[in-house]
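**Q** Listed below are the residues making up each chain.
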Amino acid sequence: MPESANSVVVEKLVKSFGSFVAVDHIDLETRKGEVFGFLGPNGAGKSTTIRMLCGLLTPTSGRAMVAGYDVARDPESVRQNIGYMSQKFSLYNDLTVIENIRLFAGLYSVPTAQLKERIEWTLQMANLKGQENLITGTLPGGWKQRLALGCAVLHKPPIIFLDEPTSGVDPISRRQFWDLIQEMASEGVTIFVTTHYMEEAEYCNRLALIFRGKIVALGTPSELKRNSMTGELLLVECEPLGDAVEALQSAPGVMDAAVFGNALHLVVGDAAAAGPRLRSYLTSRGIDVSRIERIRPSLEDVFVSLITAAGAGQEGKQ
Amino acid sequence: MTEPLQPAIRTEGLSKSFPGVRAVEAVSFDVRVGEIFGLVGPDGAGKTTTLRMLAGVMLPDAGTAMVGGFNVVGNPEGAKHALGYMPQRFGLYEDLTVDENIRFYADLFGVKRAERDARSLELLRAAGMDEFRKRLAGKLSGGMKQKLGLVCALIHRPKVILLDEPTTGVDPVSRRDFWRILYELMAEGVAILTSTAYLDEAERCHRVALMHRGKLLFCDTPANLKAGLRKGVLSVTSPEPRRVRSQLEHAEGISSLVLTGDGLHVVVDSAARRIPEFEALLTQAQVPYDPIQQVAPTIEDLFVDAVGSGDTPHA
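If you read the protein sequences in the order shown, they are chains A and B. In my numbering, each number is its position in the first sequence, counted from 1, plus 634. In my numbering, each number is its position in the second sequence, counted from 1, plus 49.
If you are wondering where the hints come from, they were derived from the structure by calculation, not from laboratory data. Remember, it's a predicted structure, so these values are computed and weren't measured experimentally. All C-beta atoms in this analysis are idealised placements derived from N, C-alpha and C, irrespective of residue type, glycine included. Just so you know, not all the hints are guaranteed correct.
Using C-beta positions, here's what the derived DEER-type ranges look like [claimed, not checked]:
{"#": "1", "chain 1": "B", "residue 1": "Q55", "chain 2": "A", "residue 2": "E880", "range": "25 to 31 angstroms"}
{"#": "2", "chain 1": "B", "residue 1": "F67", "chain 2": "A", "residue 2": "Q765", "range": "17 to 23 angstroms"}
{"#": "3", "chain 1": "A", "residue 1": "K790", "chain 2": "B", "residue 2": "E289", "range": "22 to 28 angstroms"}
{"#": "4", "chain 1": "A", "residue 1": "L741", "chain 2": "B", "residue 2": "E237", "range": "52 to 58 angstroms"}
{"#": "5", "chain 1": "A", "residue 1": "T864", "chain 2": "B", "residue 2": "L330", "range": "50 to 56 angstroms"}
{"#": "6", "chain 1": "B", "residue 1": "L330", "chain 2": "A", "residue 2": "E733", "range": "46 to 52 angstroms"}
{"#": "7", "chain 1": "B", "residue 1": "R291", "chain 2": "A", "residue 2": "Q758", "range": "33 to 39 angstroms"}
{"#": "8", "chain 1": "B", "residue 1": "E233", "chain 2": "A", "residue 2": "D904", "range": "38 to 44 angstroms"}
{"#": "9", "chain 1": "A", "residue 1": "E733", "chain 2": "B", "residue 2": "A236", "range": "33 to 39 angstroms"}
{"#": "10", "chain 1": "B", "residue 1": "G191", "chain 2": "A", "residue 2": "G903", "range": "46 to 52 angstroms"}
{"#": "11", "chain 1": "B", "residue 1": "G191", "chain 2": "A", "residue 2": "S653", "range": "20 to 26 angstroms"}
{"#": "12", "chain 1": "B", "residue 1": "Q55", "chain 2": "A", "residue 2": "L852", "range": "51 to 57 angstroms"}
{"#": "13", "chain 1": "A", "residue 1": "L690", "chain 2": "B", "residue 2": "V70", "range": "52 to 58 angstroms"}
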């Protein structure tokens, strides 16, 4: 199997709807066996990109190769060589487990000679041996998730697209699901995940963030946490919180202040210098500060920061 | 801040079963005025059923629920006027404008016109939706629809607000906006009970009740909950996370281990003891890694610790 069979290669991809440019010259390349995360807020161009990569929407210009096929010239072959699983289960709830598997095997034209082996494999993988005759609608969320994954990969695609696959599922089922995904990836399957759920983004080897049709960041989760945040993050515990928020509106050097329960998260340029300065600033205004310390940003902090910066940059240009 | 004598919400032994499922089992908690209280748990934990009973749209099998001092079973009308309830799918009329939807809900709650207009302006401004008043609700983005639902649910100035997963499907940026609005409301002296399936969102609440399969696992502030996990949480970053896992997965002292995109998240009995041991193991096996760091536990760590890591049995 050539290397390209397991990859997604995107060059200067564009999709316009009338005068609106939904996807604006994006470049991407995934590696064989990589779990690649594609993130972005609603309306950023995420779904449009995925629909092009799955051969459901023709690009305006540029090129996208998926599993070695050009999405514009050969969308049929693209669709036969990918698996797709969405958060909204594509399963039929009133069919049994085995009926769903047989249905998908038919849809994906799994050859009769392989059918038995593939069904067996799917039941094993989804840990549903002995549960073949249960009605799908009565399965717990985590089980359905694994069945949906099993059905999406029955035809052994080299690339799998996952759309918020584990949102709302309990953490233990989610961890089991991602273990399965990591195992497939270690066998060389490429996984392309779209989500705006940061707990899922943490499972990706590399992440790309799309905003207003453009890729604004690309890297491993720890690279992004280390390098992509504008400023540093301070945790401040103080009383009364409402007065502190108001006072900080006009405090020098505070780029953002957000309430987190009984504490504040502040974005500042240099945490080491800002800490003592803000402590005396708040204290002199009658606010009782019990704790100020630098904290590591979460992926969500990084993404909000990147999107805010990208938004401000684009508005500045207009 | 003076502590009011009566909590805004109080449930005692609240229970509800459906055929074959004990959806809510003897759930008791209080929500105070001026507090954002989070009902946190995965899908199917019983969050929605709890909120429905509090909103008076579903009768409990057992237990009591008081909202704004009114018993939701004995005095549903009193409770109804004290609360604003936003279910997961708020009933917006897609072919009416933003303004028309708000007027409709104001009329339902008998809000007078002058009061309605002032309140509506105030809420729309807080939501950043002032300029969309003439837009059809059906033409709003998902995040905006959620915000309009909130405006409608708050038009009669309820003292107690119930929100059922208001941020599901909302992106992180809009999610922050939504929380900012909640904090502004809280400052007006209302009590807010909100549910979420995003465990990380628990961090934003003053207190949280962690629910799983109809039962309350914990109820406390996020900080106290984390302090209660008497284990160390380690973050191991590496360009080869799978190799790190194969070295560490059988090491001593591990209670849970998760392979992430560029490392491992490991819960151990003692961070001070295990960090040097693990680093020695990795160095010996010549696996590249960054110095192992101890990190704060997440609410997910607590959940997994409490529930155990076995396979999910039938709901």
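**Q** None of the hints should be skipped; say for each whether it holds.
**A** Here is what the structure says about each hint:
At roughly 29 angstroms, the beta-carbon separation of Q55 of chain B and E880 of chain A lies within the given 25 to 31 angstroms, and the hint holds. For the pair F67 of chain B and Q765 of chain A, the beta carbons lie near 22 angstroms from each other, so the given range of 17 to 23 angstroms is met. Checked against the hint of 22 to 28 angstroms, the C-beta distance between K790 of chain A and E289 of chain B comes to roughly 26 angstroms, which is consistent with it. Judged by the Cβ atoms, the range 52 to 58 angstroms given for L741 of chain A and E237 of chain B holds: they are separated by roughly 54 angstroms.
About 37 angstroms separates the C-beta atoms of T864 of chain A and L330 of chain B, a value inconsistent with the hinted range of 50 to 56 angstroms. Our hint of 46 to 52 angstroms for L330 of chain B and E733 of chain A holds, since their Cβ atoms are close to 47 angstroms apart. Between R291 of chain B and Q758 of chain A the beta carbons are some 21 angstroms apart, a value that contradicts the proposed interval 33 to 39 angstroms. For E233 of chain B and D904 of chain A, the hinted distance range of 38 to 44 angstroms is not satisfied, since their beta carbons lie about 30 angstroms from each other.
At about 54 angstroms, the CB distance of E733 of chain A to A236 of chain B disagrees with the hint of 33 to 39 angstroms. The supplied range of 46 to 52 angstroms is broken by G191 of chain B and G903 of chain A, whose beta-carbon atoms lie about 34 angstroms from each other. The beta-carbon spacing between G191 of chain B and S653 of chain A, approximately 23 angstroms, falls within the hinted interval of 20 to 26 angstroms. For the pair Q55 of chain B and L852 of chain A, the beta carbons lie near 54 angstroms from each other, so the given range of 51 to 57 angstroms is met.
Between L690 of chain A and V70 of chain B the CB atoms are about 38 angstroms apart, so this pair departs from the stated range of 52 to 58 angstroms.
Comparing the model with each earlier hint shows violations of hints 5, 7, 8, 9, 10, 13; every other hint is respected.
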